[in-house]
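Undergrad: These are the residues of each chain, in order.
There are 2 protein chains.
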Amino acid sequence: MPSYKLTYFDVRGLAEASRLLFHLAGVEFEDHRVAFGGSEWEKLKEKTPFGQMPVLSVDGFEIPQSAAILRYLAKKFGFAGKTPEEQAWADAIVDQFKDFFGQFRQLIIAQRSGKSVEEIEKVKKEVVIPARESYFKILNGLLNKSKSGFLVGDGITFADLVIAENIETLEKFGFFNPSEESKLDGLRKKVYTHPNIKGYVASRPESQI
Amino acid sequence: MPSYKLTYFDVRGLAEASRLLFHLAGVEFEDHRVAFGGSEWEKLKEKTPFGQMPVLSVDGFEIPQSAAILRYLAKKFGFAGKTPEEQAWADAIVDQFKDFFGQFRQLIIAQRSGKSVEEIEKVKKEVVIPARESYFKILNGLLNKSKSGFLVGDGITFADLVIAENIETLEKFGFFNPSEESKLDGLRKKVYTHPNIKGYVASRPESQI
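The listed protein sequences correspond, in order, to chains A and B. The numbering of the first sequence is the numbering used here, which starts it at 17 and goes up by one. The numbering of the second sequence is the numbering used here, which starts it at 17 and goes up by one.
Chain A extracted, bound-state conformation:
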């Protein structure tokens, strides 16, 4: 087994689905966490392939970009989908998340850059809430047709990990109400109570994002 090191900030964020995947697969990895705004990241930034994190190192070979890392590991560990068609659907769901997150990110940027309450409310109302509506519609459509309760095929894939984590973040930001979204809440529960995952989820560091 190669030596895996996953480097990211000390939050769930864009690395958490890969961390969950390591636990799901029962594969050891170094969970290297870098403090926000500290000197370590200042020094590290220029050495990363794309000037950003997460970065996965596999015996020293580096891979950037969260979804690329996750897909690489999912294929290695057998959680990428069982057929080329299942793989394409898992990819499509993760791409849909990325599209949604690109819009949700506008809210995070507005909050962090000190925009006014009115401007932040405008981003919520005009960008995040309509984007969430179509995103949840797509996900619920998939879960309504699913016999396994997972998003693709009859077992857990990396797409389930991405969506479960995103639901967690949306709840922490006030954009997810479990009582209104029972299917999505059920998916998160299925992921978080998986025997290989639940111990990690119970003990992991708390973070809003």
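Some hints here could point you the wrong way.
It does not matter which identical chain is used: a pair holds within one copy or between any two.
[Claimed, not checked] With a straight-line Cα cutoff of 20 Å, these simulated EDC-like cross-link-like pairs (lysine to aspartate or glutamate) come out: (1) LYS140 / GLU184; (2) LYS63 / GLU187; (3) LYS91 / GLU102; (4) LYS92 / GLU102; (5) LYS205 / GLU135; (6) LYS59 / GLU102; (7) LYS141 / GLU102; (8) LYS114 / GLU184; (9) LYS92 / ASP26; (10) LYS199 / GLU184; (11) LYS141 / GLU58; (12) LYS163 / GLU78; (13) LYS21 / GLU44; (14) LYS91 / GLU101; (15) LYS98 / GLU78; (16) LYS131 / GLU142; (17) LYS161 / GLU62; (18) LYS153 / GLU58.
In case anyone wonders, no lab produced these hints; they're calculated from the structure.
Once you've looked at the hints, dock chain B against the given chain A.
TA: Only chain B this time, still in chain A's reference frame:
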């Protein structure tokens, strides 16, 4: 060989890299083009998997999301990268494009929703130009290290098609100057002059996006 049908608007946009890939691989496909704002799209929208296009149909089995479609085809046709590590890097580049495009899209939305000249200039200056700077830096870094002139390994992959198409769009929007970006312009030329691709590029419908 299965029967492929690619359905998208009558522009390059998010389907063009897949169209180029069919030509590159020499695989026949139905290039189904739907008019913007017409009644066909109104009727079709509810029938698509995610309420959006492009959609690929493979003997009637549908796959949504542009990058998922492209990756699925690239794996089938042998243009996804030669090793799991090359595949991860091709994925990472396409994800980087998606991150950039999520920001570029804010400009398209501002223009189409009738924002003022000042607001559009603000999006250009505060969002698109900084995003382009880090995106081009990443791509140039890869091309500077490339021996083949392609982004990953020693041959053309789906990542090259995505980036070549995006350069074309950026030029049409005034965000790409070939004389300032010779490496990126060289990549576009390598893709567009490929023997399997150049005939299609010369004859395809003209569109800004």
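Undergrad: If a hint holds in the structure, say so; if it does not, say that too.
TA: Now the hints, each set against the structure:
no.	hint	in the structure
1	LYS140 / GLU184	within (18 Å within a copy, 33 Å between copies)
2	LYS63 / GLU187	neither (34 Å within a copy, 30 Å between copies)
3	LYS91 / GLU102	both (12 Å within a copy, 13 Å between copies)
4	LYS92 / GLU102	both (16 Å within a copy, 14 Å between copies)
5	LYS205 / GLU135	neither (34 Å within a copy, 43 Å between copies)
6	LYS59 / GLU102	neither (40 Å within a copy, 27 Å between copies)
7	LYS141 / GLU102	neither (34 Å within a copy, 41 Å between copies)
8	LYS114 / GLU184	within (16 Å within a copy, 23 Å between copies)
9	LYS92 / ASP26	neither (25 Å within a copy, 38 Å between copies)
10	LYS199 / GLU184	within (14 Å within a copy, 42 Å between copies)
11	LYS141 / GLU58	neither (35 Å within a copy, 25 Å between copies)
12	LYS163 / GLU78	between (38 Å within a copy, 19 Å between copies)
13	LYS21 / GLU44	within (9 Å within a copy, 43 Å between copies)
14	LYS91 / GLU101	both (14 Å within a copy, 11 Å between copies)
15	LYS98 / GLU78	between (26 Å within a copy, 17 Å between copies)
16	LYS131 / GLU142	both (15 Å within a copy, 14 Å between copies)
17	LYS161 / GLU62	between (46 Å within a copy, 16 Å between copies)
18	LYS153 / GLU58	between (40 Å within a copy, 18 Å between copies)
Of the numbered hints listed earlier, those contradicted by the structure are 2, 5, 6, 7, 9 and 11.
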